[in-house]
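Protein chains: 2
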Amino acid sequence: MYFPSWLSQLYRGLSRPIRRTTQPIWGSLYRSLLQSSQRRIPEFSSFVVRTNTCGELRSSHLGQEVTLCGWIQYRRQNTFLVLRDFDGLVQVIIPQDESAASVKKILCEAPVESVVQVSGTVISRPAGQENPKTEALRLQYRYLDLRSFQMQYNLRLRSQMVMKMREYLCNLHGFVDIETPTLFKRTPGGAKEFLVPSREPGKFYSLPQSPQQFKQLLMVGGLDRYFQVARCYRDEGSRPDRQPEFTQIDIEMSFVDQTGIQSLIEGLLQYSWPNDKDPVVVPFPTMTFAEVLATYGTDKPDTRFGMKIIDISDVFRNTEIGFLQDALSKPHGTVKAICIPEGAKYLKRKDIESIRNFAADHFNQEILPVFLNANRNWNSPVANFIMESQRLELIRLMETQEEDVVLLTAGEHNKACSLLGKLRLECADLLETRGVVLRDPTLFSFLWVVDFPLFLPKEENPRELESAHHPFTAPHPSDIHLLYTEPKKARSQHYDLVLNGNEIGGGSIRIHNAELQRYILATLLKEDVKMLSHLLQALDYGAPPHGGIALGLDRLICLVTGSPSIRDVIAFPKSFRGHDLMSNTPDSVPPEELKPYHIRVSKPTDSKAERAH
Amino acid sequence: MYFPSWLSQLYRGLSRPIRRTTQPIWGSLYRSLLQSSQRRIPEFSSFVVRTNTCGELRSSHLGQEVTLCGWIQYRRQNTFLVLRDFDGLVQVIIPQDESAASVKKILCEAPVESVVQVSGTVISRPAGQENPKTEALRLQYRYLDLRSFQMQYNLRLRSQMVMKMREYLCNLHGFVDIETPTLFKRTPGGAKEFLVPSREPGKFYSLPQSPQQFKQLLMVGGLDRYFQVARCYRDEGSRPDRQPEFTQIDIEMSFVDQTGIQSLIEGLLQYSWPNDKDPVVVPFPTMTFAEVLATYGTDKPDTRFGMKIIDISDVFRNTEIGFLQDALSKPHGTVKAICIPEGAKYLKRKDIESIRNFAADHFNQEILPVFLNANRNWNSPVANFIMESQRLELIRLMETQEEDVVLLTAGEHNKACSLLGKLRLECADLLETRGVVLRDPTLFSFLWVVDFPLFLPKEENPRELESAHHPFTAPHPSDIHLLYTEPKKARSQHYDLVLNGNEIGGGSIRIHNAELQRYILATLLKEDVKMLSHLLQALDYGAPPHGGIALGLDRLICLVTGSPSIRDVIAFPKSFRGHDLMSNTPDSVPPEELKPYHIRVSKPTDSKAERAH
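One line per chain: the protein sequences are A and B, in this order.
Numbering-wise, the first sequence is residues 10 to 622 according to our numbering.
Numbering-wise, the second sequence is residues 10 to 622 according to our numbering.
Note that these hints are calculated values from the structure, not bench results.
Incorrect hints may have been included.
Put simply, identical chains are the same to the list, so a pair is met inside one copy or across any two.
To be verified - Calculated lysine-lysine pairs in the BS3-like style (CA-CA distance at most 25 Å, straight line):
(1) Lys201 <-> Lys583
(2) Lys583 <-> Lys539
(3) Lys612 <-> Lys212
(4) Lys604 <-> Lys539
(5) Lys583 <-> Lys604
(6) Lys201 <-> Lys212
Computed from a prediction, not measured in an experiment: that's the story for all the values here.
Isolated chain A (complex conformation):
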């Protein structure tokens, strides 16, 4: 198949003597993004032969001679074609005169998606000619997919939102855009860092997961306010909706505290938020880690809807129900519940069954469904043991309505909350598949989560500690004494920004005191301090108090555009296996090209053997 890609004959053939029509069909995508942000409209036709973009034509252009460039989107009965560029569509009448026979032939034979340049006079749409329906292009080839309205919208919105962020940071608040290296040293425990062999035998660079060390060194270096739209790398093998390379808005400030960073980010998002969405309302609400866990059973709650977890332990102090009794008799035992609005109307018996099975299988927990409407079956062998006074107290505490269902569980606080947090989301999904709108798709619900624990017990050895986030996080000012007595109880100055149930950012006030940093690394975390000696030394030479944050740009744009996957907001994403399917990446390399790097490929059988060993 031969696709001519530039019909210069066409341009000549279509010049002056022939009547042609150009006509707006789409609204202009780009202009709607731009006008709403009250900026000067860019000159899209500077430096090139076209006089206008397709989406730009309006009734004010009627009678004007224009030149357009684009792709043939569609052709109908050899009478007109639809020309498309990044900005919109225009209908072009194919000349029918005998004198233009050669032009007609080319236009009628050129395959769709051929590139053409046309000149002509703008006229109104002839009566009776309908808009052709825009058909979605196939996703088979990324460069064709990029031509789709949605990808054009996503990538252009991303570019503009980042530009506004830069204006806010650079022009309004004096941040310095500084590029930090991506060929760096492996960090302690950096098992997820890609390696880059160097020309020195056995020596490797590492692609860092974030510019964390550099941003702190820049503060020591007196740069005061740093930001970077930073490419970061993480090798997690195959993970759905993750990318081996990703982008974060990376920020660090000197002489700042937690509330300063929070105000900065609130202003940043408000300033850069697309004007075709509802404005961002600031300040964002803040909850502590303990509060979100107790209320939503997760540290990244979706606060667009209620169904909060309620502690109903007091209701059941004198219960006769065995598993509640049992739970409440233990030191941290609680009874917790969530209320499913109109659950009696929308949930089916088998939904309740699968909820109970899920709780049993994944949490080893019992779930008791309570139908508040007395006419209903309580649908559970134990439900009858709930006394009327308990039922009324439950209705009061849970603020339930007649058709609601309460899901009740009992057990250790954290475990009960985690289970109900999961069920809250599962039930929301279920209700929405049944037509209930719980989560308004136009709503953006931000939340700060603060006061995280500074350390967690190590998974592989719970008697040792590891950093809940990273070892440079400063302890909460009220909890510094705990570092020397009960470090497990110390809270940190870490903060997460959550949007609609997704963590879109995280950061902290850092440790700027070398002694404290050494104590945490060496004594509490038992890390090899040598790997970080440059950072510790830098802190010794006068480090300002400082803190920062990183926003996950791909996820943020994904949420803003309402895209199903971050792959929809990245021009050339990798598959979930980390492959570029367009170019067949990664690929083999001839052995002689490995030699300068002093490496050899070990056969899988070798490495399997080694693993077994």
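Please arrange chain B on chain A, whose structure you already have, making use of the hints.
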């Protein structure tokens, strides 16, 4: 040594009751950059406790209560100290009252470079207190070096210049900022590309030298106008003043020709140029590759000064001087010369000798120095063979003055030009060490070089061709027929941008026709087309005519700031051996961390043996 880095006691101790002085000493670095660019002054003190930056204080602040944060730069006789932040210096009077004894003790004992926060009233400088001299900090530690005025200036200028470029491209001309992958496929012949082992045995990613393929695919994808401040990678081993990772302003446009790209870049540089420099004058002059070679002996001439190469073959058609006769008798033989202004005054006999030795050693060429002043020794055994008429004609052609020296050589055109091009720069350096100002350091002399050859003979096999730049470069429209007859003679649509003798950018109009691209890759270059099948296929699906350019940002900022090395405009540069000396990068990796990547280190002895083999 213990450096307290945050004296919060100091802040409390210094509050209200004590008289303190804050006083501007430096002009404000940042503000001078900003005011000249006529932007709103950023609010450097938003979100933090300080009320002002050090450099901000003016006589208008006298009597105001301010809070400042910064480093102790200097202390004198326990009476005052100098506080420094990124923006400037302020003198702070140390309280001498008995009641403030503890504060005085802390302030007098804190080591310089400690971080403090002070509050106080702004007063005028007391008579008799001199400005302390600002001392350059040692370059031993990068984070300390970054505190220097010059590094702060360079990094802030870089940030602001890039910001202006973004404004020009995004806001004024509708470019879309698109991030392209850096984990990609090895390109054919990509021997300088770093490898990144993947978790699939024997499969590697490659860190690309530029986003070339992606930017073209974006044009096929209808993005129309793309730009990116792109991180690029090149593994050249040890090279002075090169970095393994570097940054380019990467641009691609659809429906554009060479003059369009040139106008865009001229506008871009004019718009983003720092206002403390002379404005950029556009359009830039343009010369062909053949012209610059004949005139300056190089494709990146320093056009800040003359000393152009002149063809004086005609003067010597009837010469009796052997080596000239000899050269002119050959097919491409020429006689060429450059004129060293006031060379007779500034060059010494041993300079002339070393020039002649250089020509003999490196070019196997003879150099004849001609002193135009008849009173001088001609200083050469053959000089007497130059006839008076030839001497007069030489003076006319070369426009020489009495004290000038002409350096004359003979031979094949390209070789003679290359030699004289080198000598032109050598002599300019010599003259400048003797006090002559040839190259005005405030002058920025841009030049477009166009009409490069499309192909060059392969170094290792001159009967085969290789691309002069890259295989996607479009042929010159007038030379397309030559591709099928004499491809060696075809010129390209490549263009270079040269500034003061440095190539700071290069680009081309690309091939957008799949058939032509296939012919050039497969038939002329004998490349394996399979490696590029995705790009060829994309061209088959309707590719707009397109072209682009990349500017080397590090080099550009280096020239703009007058820095001796690109390391002075990069926050954390690598040494010329590719090491990060601060953190000891690259570094060893434990063998078990190599296993997931199916690689092993081969011992140097192995690879030496293999190389020998």
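> Which hints, by number, does the structure contradict?
Replying inline: none
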